[in-house]
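**Q** Let's have the full structure, built from the sequences with the hints guiding it.
Sequence lines, in order, name chains C and Z. Counting from 945, one number per residue, gives the positions in the first sequence under the numbering used here. Counting from 5, one number per residue, gives the positions in the second sequence under the numbering used here.
Treat the hints loosely; a few may be bogus.
[What the hints assert, rightly or not] So, partial list: chain Z residues that the calculated Cβ filter (under 7 angstroms) puts toward chain C:
#1 Ala56
#2 Val112
#3 Arg158
Hint data in this document are derived by calculation from the structure and do not stem from the laboratory. Using N, Cα and C, we set each Cβ at its ideal position, and we do this for glycine too.
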Amino acid sequence: MPKQIILAAHFPGVNNTTVWSDPRAGSQIAFDSFVHLARTAERGLFDFFFLAEGLRLREQRGLIHDLDVVGRPDTLTVLSALAAVTEHLGLAGTLNATWHEPFELARQLATLDHLSNGRAAWNVVTSPGAFFGENFRRGGFLDHADRYVRAAEFITTAKALWDTGGGDFRIRTSQFDISGTFPVPRSPQGHPVILQAGDSAGGRDVAAEHADAIFSRHHRIDDAREFYRDIKTRVAGHGRDPDDLKIIPGVSYVLGDSAADAQEKAHHIRRQQVSPQTAILLLEQLWNRDLSGYDPEGPLPSIDPVLDEDDTIIKGRAGMYPDRIGTANEWRALAEQKKLSIRDLIIEVTGRQNFIGTPADVAARLDEYVQTGACDGFILVPHLTPTGLDDFVDQVVPLLQERGVFRTGYTGTTLRQNLGLR
Amino acid sequence: MTLRLAVELDGGSFAAPDWIARIRALDEAELDFVTFADTFGGAGPEAVLLAARLAPLTRHVGLVPVATTTHTEPFHLSTALATLDFVSRGRAGWQVRVSADPGEAALVGRREPLGFGGLFAEAREAVEVVRRLWDSWQDDAIIKDVATGRYIDRDRLHYVEFDGTYFSVKGPSIVPRPPQGQPVVAALAHGPQVWNSLDVDVYFTTPDAAADIVRDLPAEKKIFIDVAVSDNTVDVIEKLEKTGISGVRLTGADVDGDLVAELRRRGLFTPSDATTLRERLGLPQAVNRYEEAAHA
Ligand SMILES: Cc1cc2nc3c(=O)[nH]c(=O)nc-3n(C[C@H](O)[C@H](O)[C@H](O)COP(=O)(O)O)c2cc1C
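**A** This is the structure:
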């Protein structure tokens, strides 16, 4: 049997991938939107539904970022409500290891696992310090290395609590000194599924040792293969079976009646995603300085990016540019060569859809990724709320089933079983 | 006069079907709200998540989980309860609780238990922060203005800038203002130390304390008396009706349709037509403190 593809549905997030300006775009906060996407994913036999999290509204140039979707529900609360309107779909929530405490979060996740009959998953993130910290009693207090120390200890502590199955514990680590009774009996999955989404060496190691899956941002096939090899080697280094850690990049797609039709749609969506104002803001995220005086239809700045990673112009979003000067030079060269304005360049170099084509093309390429060691599946990120996955479920899922690489019915009773995890 | 009718749900079951059966019966009887008992280290399902799990399966009954202010982050409480209000379409509330238990403090391992005064001072701050965060988005903050490319009008979002003894919180919330504006806040209050130190919408008290609390607090506060379900529940409630209280909360056992029918027959309870919990309790529409300040 060929390798089976994992599929997950990402609720459209608070960045410019999500097109709110389209007349078909629905509410980002009404519960009905969450119900629609979750039920669509379940209709398509997806493994799980996925929610991101950000513990403070993003700011750029010191002001609340107003060009993208802003606002979303509390992760665990909305997942628990979705457990009432779905039956098989996994419910994965991003929750920060820095601004939660192990006892409380382990109890909440075990509750969700019980109330959903074994469908809970936790995407562990660590996120930048002081900015989010201003919303919490804990404050901002961890540097990058310590964040992963805490995350690793948090995960092992949560697993130890779950393992008590309603018994006593005493845990002492560098970050935690806790004791008492964990009151929740063993939940259907024993351990809710653990995902991890950090990309540095520290993040990769935490995932390799402790996680069941990685939400990755490596989607170009060569990058993805390299990442896949790196992670699976790290997993083996921890004495685990490489199959016990699934690698699932977040990807976007556009379907059309023909290849040309799909390309045209993709371009239209990109123009919606990158308004003139958004083009300048995205440029600033690389340049790390105020570029509000620049014309989005004009040329790129000749001045260089500011290299200050402690005081970035955008706050509340993970850094994306490890080499600002190098990337800026690449962008300038590309703009020069193709005669691109700032907006056209941004459309070209940021957030292009990963899979564009007819349903048959897209099914074939997704399959190629999974069969050739680039990943184990995909977290699909639609650009429209809440109907963004309707076409995929109606048109691509049946083709994946025909290829024999995707289930035709749920076989496991828990998310862990459906993912093929132990 | 008819009373508002609530039920306290207690119990350690982790099986969703058990809770669904109980809540559906109460929803069909059109009770005003249920509270979900819980503690920080509680032996049952976490109450906010339980309430959310049941919200899509009910249409009428208000959902008021207990959540503890000791050891928790007010920011998380605020967003969780706002979300409960969204998933229940305006039926959410919060019963505030504090924890004096050293055993619960050890579950977090960060500090020694606070004394009575400290616990309530911290709870006051938590309620204040949670309420400010609920107001930190004006109802009309989402503008989706294609011409200027703006999804929100950021002038309609507000930093809460809370700086207290126990924590400081910057804001704004990450969740838009919930449907009720301010979900209903409640607390157990058996004596004046509690009701004088915690300013909430709804107080649960004992039959003995009823006269005092009704006298001490302004008329807009809603006083509920906890009544243990017994053979003569209806007679007990009939007597209490004359004390100036808003309603009763039945505790200790599940309430059956017969009891509710008898209360209705005697004119002690009439189901409400109001769709939000605030309205049903006769609480005024929640004015947004920041909107008011902006217009002043
Ligand atoms: C694909 C992906 C998704 C992420 N999603 C979130 C998120 O929803 N919320 C969050 O606070 N951080 C998120 N992060 C940020 C990570 O938790 C982490 O803070 C960041 O990647 C920096 O850590 P690193 O240096 O290990 O990559 C995400 C990261 C990646 C790669």
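**Q** All the hints need checking, so say for each whether the structure fits it.
**A** Here's how the hints hold up against the structure:
1. Ala56: At 4 angstroms from the nearest chain C Cβ, Ala56/Z passes the 7 angstroms test, so the hint holds.
2. Val112: holds (6 angstroms)
3. Arg158: holds (4 angstroms)
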